[in-house]
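Residue numbers (the numbering used here), protein chains in the order written: chain Z, 30 to 592; chain D, 778 to 986.
In short, the hints are calculated from the structure, not lab data. Glycine included, every Cβ here is placed at the ideal spot set by N, Cα and C. Among the hints, erroneous ones may be present.
Claimed, not checked - Examples of chain D residues toward chain Z, derived with CB under 8 Å:
no., residue
1, Asp791
2, Glu796
3, Ser804
4, Leu807
5, Leu836
6, Pro837
7, Gly840
8, Gly862
9, Val866
10, Gly957
11, Ala965
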Amino acid sequence: MYYVRISVVDENGVNRNVAGRVIEFKFDSLPDALFAQCEVIKTLEARAENIKPEMPDKDEALEMLESDPGSSRSEMELRQILELAPQLIAVYGPNRERLYANGVFLGYLGLSLEEWRQGSDRDEFVHPDDRERVTGHFDRTLSSGAGFELELRLRKRNGSYRWLLARYNPLHDDQGQIIRWYVACTDIEDRKHAEQALKSSEDELRQLIDVIPQQVFVFGEDWSPLFANRRELEYTGLTPEEAQSKDAVARIFHPEDLEKLEVLRERMRTEGASFEMEARIRGKDGAYRWFLIRDNPLRDEQGHIVRWYGTRTDIEERKQTEEKLRQAHAELARVARVVTMGELAASIAHEVNQPISGMVMNGNACLRWLAADAPNLYEARENARRIVRDGKRAGEVIARVRALATKTATEKVRLDMNELTQEIIALTRSEINKNGVTLRTEFASDVWPVLGNRVELQQVLLNLIMNGIEAMRTVGERPRDLVIQTQNDEADQVRITVQDSGIGLDPQSIQRIFDAFYSTKHGGMGMGLSISRSIVEHHGGRLRTVTGHSPGATFQFTVPKYH
Amino acid sequence: LREPDAIVWVVDDDVSVREALGSLIRSAGLRVETFVSAQEFLARTRTDAPSCLVLDVRLPGLGGLDLQKRMAELNLEIPIVFITGHGDVPTSVRAMKAGAIEFLTKPFADKDLLDAIQQAIKHDRAARQQQAEMKELHVRYESLTPREQEVMERVVSGLLNKQVAAELGTSEFTVKVHRGKVMRKMRADSLADLVRMSERLEIRRTKKS
C-alpha cells in the first residue's frame, strides 16, 4: 500500500497549483493515470511520499478521483435539478477533467455521460477558432481565481456549431485552490444571428451612407457635428476629429455663405423647421464648389429637437449650367436691346442733337450779345448757363444709351421705378413725338423701391413702349395715347402698366405673343416680349396682357418690393 | 400811321432749343414769343404785327406740318420757318409746297436762321401791305352805287361811252357823269389805273341776259 501525495510544480519548483490542490491517496502501486491527468503542465514532477502497501488498482484510483467530493444525497438532488435546467451544464475537475454533464449538454453533443467522460481532448467540441480564447481565459483565471464568461462555438452532434454563452465558475477549497469548475452554457445562436443581422444591416447602411453621392451629417440640437460620412471627409480633406469639431463649418464654408448659414441655423433652431440653402464649400484642393444644403430636425416625444439630419449635394455643375444659361440669356437680351436701340437710333440721335443745337445757338447768341456796341452781359451769362446745362443733358443721354448697349452687371440693386421709367421715356420721347403719340404718365408718388437690374428692367419698358408706338402707327381716326402707370399692388409688388390705343391684340395671337421668334410686326425679330417676360420672371415678377381695355393693348408687369 | 415792330413766334417743345432760339433771335434785335406746343400757339391771342413763325416739325400732339395746315384753314397767313432735328426730304418738300419760307436742319448756322426770319418778316410786311391795299380798294369799290359799278365794269373792259350808254339804255352824257364819279371814288388817276384796280378786284363784266 502506497500513500501518495501529488503536487504539481514547475521547473523552478514552485507549486503552480494548476491542478488546484494536493491529492492524497493510498495505492498498492503508482498508477500512470495520475500523471496523465497532469499532462497539460509543461514541466511536472510528481512526488511520492510514504508509499503504502494497500494501493488500489488504477480504475479504483480514478473512481476515487472522480467521486472525490463524495457522492452525497445532496449531490444527487443537485444533479436532479441540473437535469431540469434548460442550459448546458457541466462540472469539470481543476484541470478541466470531465466529471459531469447534464442531459441537455449530453443531448447537445449526442453522447452518453460515459462516452463524454472518456474523451481526453478538453477542447474537442470547441470551434478551432475559439480554442485559444478559451485557454486564455483559463490561464487568466489561474491568477485571479475568479469566474468568467465567454462566447464560444460548440460542435453539436450533427457536426454543426452553435454559439453559446458559457459561464465558468470555480469552486475553491479551504486553501483557495480550485477544486471544481462549474460551467453553464446558454444557447445564443439566435441572438448571435440577430446581432449579426443588425451589424450587417448597420454595415450596409454605413456603406450606403458612404457610397451615396452626397455628404451626410448628424448634428446635435446645438448644431455640434456628431457624424459626417466618408464622402464629406474625402471632399473637404478634414480628419474625422476636425469634421466633428464645432468650427468645422467655419473652416470649409465660404465666408459670405457662412454668415447666411449661421443666421438660418439660429432661426431654424427656434422655428424648428427644416431648411434648404445653397452655399459654397471649399474642397481639399482649396477650390469652392456649390452645394445644396438640406437639414431636417428630429424631435423627441415632447417635440424638442434632439438631432439635425443634414445632406449636402454637389450642385456645382448645375450652377455652372445655370450660369452659362444666364450668360447666354443676358447676351441674347443685350443683342435684342441693341437691335431695339438700332430701331431707336434716329430718335436717340435726335435726343442728343437737341441739346447740341441748343448749345450752338446759345453760343452764337452769346457772341452776338457780347459783340453789340453795349454788350449785354446778362443775356450772355444766361447763354453760358444754358450751354452748361445742355451739355450735361447731352452727356446724360449718351450715358443712358451706353448703359443700355454695353454688357450689364448681373447684380440687383434698389431701384426707383418712377425714375427708371422717366429715363426710358427721355430716350423714347422723340420716337413718341415723331409718331404723333401723346404720352401720359401716372406715377404713384409713394411707389416702393424695388430690387432689380436697372438695364434689364429698362429693356422691358423700352420694349413695351416701342411695341405700343408700333401698334398705333396705323391708327388715324382716334388719338394715339400711350399711358404709363406705376402703382403699388396688394402683393408687395410694384406694378407698371403700359397702355396704348393701337390696333390691339389679335385673340388668335394673344397666346403666342410671349413665344420666342413670334412677331406680328413686319421685320420684327420676335424676341422682345419673350425676353421681357423672362427678365421679369427672373426678377420674381410677372409680365402679362390685361384684357378688357379697348381699343388698344395693355401690358403689365410686376417687380417685387425691395426689403 | 407807323407799322408796329416785327415779332417772331417760336414753337418748340424742347426747352434747350426753345430758349436758345429765343435768345438768338432777341440778339438780332427782334421781339420773340415762345410756345411749348402748337395748341398753345393757336390758343393765344397774338399781337397784330409783321411776324414770322419759327416752327419745330416734330411736336407732341399737333405736329408742325399739322399746324401749317390748320393755319391755312384759318387763313392765318404767317410765314413759317421750319426747323427740324432730321431733315428728311419728303417732309421738307411738303412743308415748302405748303408755303414755308425755309426748312432748316438743326444745328444750323445762326445767320441762316436770322436771314430766313428777316426774309419772312419782309415777306409778311409786303403781304400785310398788299392786304391793306386790297382792303382799301374793296372799301372804295363798295362805295360805288350799283349803276356806277355797272359803268365801271364796262369801261374797264374797253367799251366807249357811247357803247356803254347803248348797253345800259341811257344817254352818253349820263355815262360820262357816272364815269367821272367812278374815277373820283376809286381815286384812279387814269383809265389804265382803273383797269389795274379792277384786275386786282377781279371784276369781270357780267353779261346781261
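Do the hints match the structure? See the list:
1. Asp791: Given a least distance of 5 Å, the restraint on D:Asp791 holds.
2. Glu796: 6 Å, holds
3. Ser804: 4 Å, holds
4. Leu807: Hint on D:Leu807: violated, closest Cβ of chain Z at ~12 Å, above 8 Å.
5. Leu836: 6 Å, holds
6. Pro837: Interface hint status for D:Pro837: holds (5 Å vs cutoff 8 Å).
7. Gly840: This hint holds: D:Gly840 lies near chain Z, its Cβ roughly 6 Å from the closest one there, short of 8 Å.
8. Gly862: Interface hint status for D:Gly862: holds (4 Å vs cutoff 8 Å).
9. Val866: 14 Å, violated
10. Gly957: Violated. Min distance 57 Å.
11. Ala965: With Cβ-Cβ at 48 Å, over 8 Å, it is violated.
Of the hints listed earlier, those the structure fails to meet are numbers 4, 9, 10 and 11, in rising order.
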